[in-house]
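K.L.:
Produce the entire structure from the sequences given, and follow the hints as far as they go.
From first to last, the protein sequence lines stand for chains L and E.
Going by the working numbering, the first sequence opens with residue 1, and the numbers climb by one from there.
Going by the working numbering, the second sequence opens with residue 1001, and the numbers climb by one from there.
Among these hints, one or two may not hold up.
Within a straight-line C-alpha distance of at most 27 angstroms, the following computed DSS-like cross-link-like pairs (lysine-lysine) qualify [stated by the list, open to error]: (1) E:K1233 - E:K1193; (2) L:K61 - E:K1225; (3) E:K1100 - L:K296; (4) L:K317 - E:K1190; (5) E:K1277 - E:K1305; (6) E:K1119 - L:K250; (7) L:K238 - E:K1070; (8) E:K1157 - L:K251; (9) L:K27 - E:K1070; (10) E:K1190 - L:K57; (11) L:K296 - L:K250; (12) E:K1190 - L:K61; (13) E:K1233 - L:K57; (14) L:K250 - E:K1043; (15) L:K317 - E:K1272; (16) E:K1277 - E:K1119; (17) L:K61 - E:K1193; (18) L:K250 - E:K1157; (19) L:K340 - L:K415; (20) L:K83 - L:K4; (21) E:K1277 - L:K296; (22) E:K1233 - L:K251; (23) L:K206 - E:K1277; (24) L:K317 - E:K1277; (25) E:K1193 - L:K83; (26) L:K296 - L:K238; (27) E:K1233 - L:K317; (28) E:K1272 - E:K1119; (29) L:K267 - E:K1272; (30) L:K27 - L:K118; (31) E:K1119 - L:K296.
Not everything, but these chain L residues come out facing chain E in the computed CB check (under 7 angstroms) [as the list claims (entries may be wrong)]: (32) L14; (33) P18; (34) F22; (35) L123; (36) R175.
Which residues of chain L face chain E? A few of them, derived with a C-beta cut under 7 angstroms, are [as the list claims (entries may be wrong)]: (37) M10; (38) K61; (39) G63; (40) G69.
Hints are computed from structural coordinates only; laboratory data are not their basis.
All residues carry an ideal CB built from backbone N, CA and C; glycine is no exception.
Single-letter residue listing:
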Amino acid sequence: MPKKVHETPMLDDLERGPWPSFISGIKRLRDRHGDERINAVANDLLGQLEHSYETRKGYWKGGTVSVFGYGSGIIPRFSEVGKQFPASREFHTLRVQPPAGNYYSTDALCKLADSWEKWGSGLVTFHGQTGNIMFIGASTENTQHFFDEINDYGFDLGGAGPCVRTGMSCVGSGRCEQSNCDEMRIHRTLLNNFTDDVHRPALPYKFKFKVSGCPNDCMNSIERSDFAIIGTWRDDMKVDQAQVQDYVAKKGRQYLIDNVITRCPTKALSLNDDDTLAVDNRSCVRCMHCLNVMPKALSPGDDQGVSVLIGGKRTLKVGDLMGTVIVPFMRLKTEEDYEKLVELAEETIDFWAENGLEHERCGEMIERIGLVNFLDGIGVDVDPNMVNDPRQSSYARMDDWDEQAAKWFERRRAKETTAA
Amino acid sequence: MPDQMRRPIESGCPDGFQYMHPVMRRNYGNWSYHEDPRPGVLKHVSHDGEAIYTVRAGTQRILDVFTLRKLCEIGDEFADGYVRFTIRSNIEYMVADEAKVLPLIDALENAGFVVGGTKNSVAMISHTQGWLHCDIPGTDASGVVKAMMDELVDEFKEWNMPNRVHITTSCCQINCGGQGDIAINVQHTKPPKINHDLVANVCERPSVVARCPVAAIRPAQVNGKPSLEVDEKKCICCGACYPPCPPMQINDPEHTKLAIWVGGNHSNARGKPTFQKLVAAGIPNNPPRWPEATAIVKNILRCYKQDARDWERINDWIERIGWPRFFELTGLPFTKHHVDNWRGARNSLNASTHIRF
Chain L
1 MPKKVHETPM
11 LDDLERGPWP
21 SFISGIKRLR
31 DRHGDERINA
41 VANDLLGQLE
51 HSYETRKGYW
61 KGGTVSVFGY
71 GSGIIPRFSE
81 VGKQFPASRE
91 FHTLRVQPPA
101 GNYYSTDALC
111 KLADSWEKWG
121 SGLVTFHGQT
131 GNIMFIGAST
141 ENTQHFFDEI
151 NDYGFDLGGA
161 GPCVRTGMSC
171 VGSGRCEQSN
181 CDEMRIHRTL
191 LNNFTDDVHR
201 PALPYKFKFK
211 VSGCPNDCMN
221 SIERSDFAII
231 GTWRDDMKVD
241 QAQVQDYVAK
251 KGRQYLIDNV
261 ITRCPTKALS
271 LNDDDTLAVD
281 NRSCVRCMHC
291 LNVMPKALSP
301 GDDQGVSVLI
311 GGKRTLKVGD
321 LMGTVIVPFM
331 RLKTEEDYEK
341 LVELAEETID
351 FWAENGLEHE
361 RCGEMIERIG
371 LVNFLDGIGV
381 DVDPNMVNDP
391 RQSSYARMDD
401 WDEQAAKWFE
411 RRRAKETTAA
Chain E
1001 MPDQMRRPIE
1011 SGCPDGFQYM
1021 HPVMRRNYGN
1031 WSYHEDPRPG
1041 VLKHVSHDGE
1051 AIYTVRAGTQ
1061 RILDVFTLRK
1071 LCEIGDEFAD
1081 GYVRFTIRSN
1091 IEYMVADEAK
1101 VLPLIDALEN
1111 AGFVVGGTKN
1121 SVAMISHTQG
1131 WLHCDIPGTD
1141 ASGVVKAMMD
1151 ELVDEFKEWN
1161 MPNRVHITTS
1171 CCQINCGGQG
1181 DIAINVQHTK
1191 PPKINHDLVA
1201 NVCERPSVVA
1211 RCPVAAIRPA
1221 QVNGKPSLEV
1231 DEKKCICCGA
1241 CYPPCPPMQI
1251 NDPEHTKLAI
1261 WVGGNHSNAR
1271 GKPTFQKLVA
1281 AGIPNNPPRW
1291 PEATAIVKNI
1301 LRCYKQDARD
1311 WERINDWIER
1321 IGWPRFFELT
1331 GLPFTKHHVD
1341 NWRGARNSLN
1351 ASTHIRF
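P.N.:
Structural data, given as structure tokens:
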């Protein structure tokens, strides 16, 4: 325990109440940890945080810190009030890539804990909003030591700055019946193809991949990633009619009508007189609602793959943007299928790296140049699945209409030939 | 370059299969359905009839190594040494033996963790870094979340809501916390205060000018020094200039406020994904417990719980009842600030006679 403990009346208030308290945790490091260095760091961190609570201001500033060979992965933090709180003056975060789906063995976590208390503050977050394990609080010197140690046993840094960022994937095929794809393989194939772009920031701004196994999109990929990969299926959903009847018997016909049939966004469902379900699969948009309500009775079909949406991001600078459908359906079974996905990502990042302005996300670039120019740039043909509606404004030049229409018919013919 | 510098092994994202419970590894891609035996517990059954139970517990997210080791110890005793974390920083234990579920819940609760957060509960609030570690925060994150979860803990532990509720917080208007059914985000109300002595040395001025969403910043000579000035009539007080130029201080103990947004929903279920909409602003940034913000969140939850139908998320509920009724039920004022004027704003106006009376 440090000789002089900072008074923290405001933070102390956050120790009461039923939810686990991060303040109690930092105090444990201050009072009970065997290493005096950690005691001192925790004490000064609490001191600075209390100062923030009292003055309602933050006191960290950025800087330049990296590990040898990388330009990314560390969030440098230097205290602006380091004179008052010297032990936590340098308090950098290391962003470490988790496995897809955030799976861990307790052995791996304990090993990370051992390394972290050797070199860092003993505070860690599972996970930051980008998806990294956040090791919060290392001095500039110890940053390298900690990285060397965990890198030796299989962990690597994630992205920070204008680069490909750490990806995120849902629990996926490991535990979820709604999964339509191999999230782990997609995630690792993409991320580890761009390792250089993760570690060496050289892009206009950040670029995020997120993988969700179904349209419930538990990873928020449409809203929060530049490149969203979402599992879906093309054939009919599977219906176990006995289970539907069982559901009606348990919950009642009205409940099923009010909570399943009428909630279908495309009116693709109907309840038959014998309490079985009729599905208009051509109208179904795979929204997942009915599957969520009746997971025993309804399941995704067999012809599974992914949809790819590009360009999602939060506010800065032009306002929030959702991703746009770029590939309505892509099978991911063979090696070649995965290569195609990687190629699409490479084309996208290359085109954006060439054409994006500084600090412009991919979606903002698409907003600026128009979707069609972006599609031209990455070599993808237009598809009616990409729009809510066709153009409403007549203010457009269309003198190559016949040529464009011919392309459509040519693609249709090619598709029919492949199908046959 | 010193010889002793170690070259990194660029292994990237590690293989997750080595950390996956054997039952899950064995049934990868082979799950048939799931059930919800009780709050905080999931039961997944594979096509081969094998089952795995998941117990979910809320944590403080900012974990000290003592807490991390405690969580691991519990995992070793009850869950064969395998865990995972959800996107909202809950820990999950996967258990093949049903008999271990209740003892696991007891062990977690005895150690101070809270079991819940599944199905139609209020999930753990997703949060950002805040004063603890961010370089541009207007408020704290962990403290806000702790204070609110203390008040919402029963809703985390039970299935009282019409559908799941995702709450997020963000400490600046860049909004790392993302979209939520309810979002509590910083909203600045005054333009940045500029330290003109520092701008020339600290900031790359053209980049800062380019960063402004409303072109309110221009280069200027101030007191004989190259600096930047802000057209305060144009300024929307978003703080976008502050990260690339820290001498343009946007955070203010009094004028940095909180705003509450509702109806963000990332799922494609029923409707297409939606962005959150402003419902309340001008809320004081009041540590250590932020009681004013918590009261508004609880009020919105109370109305939603009373009025929404099963499976309606907050956005579905408001779509059915309409915004006038939302403001009536919650008692929140509807002001001129609720009417959007950003690009695309026209799409948010009612161009019909669809009016509820």
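K.L.:
Would you pick out the hints that fail for this structure and give their numbers low to high?
P.N.:
Hints 7, 21, 22, 39 are the ones this structure does not satisfy, whereas the remaining hints hold.
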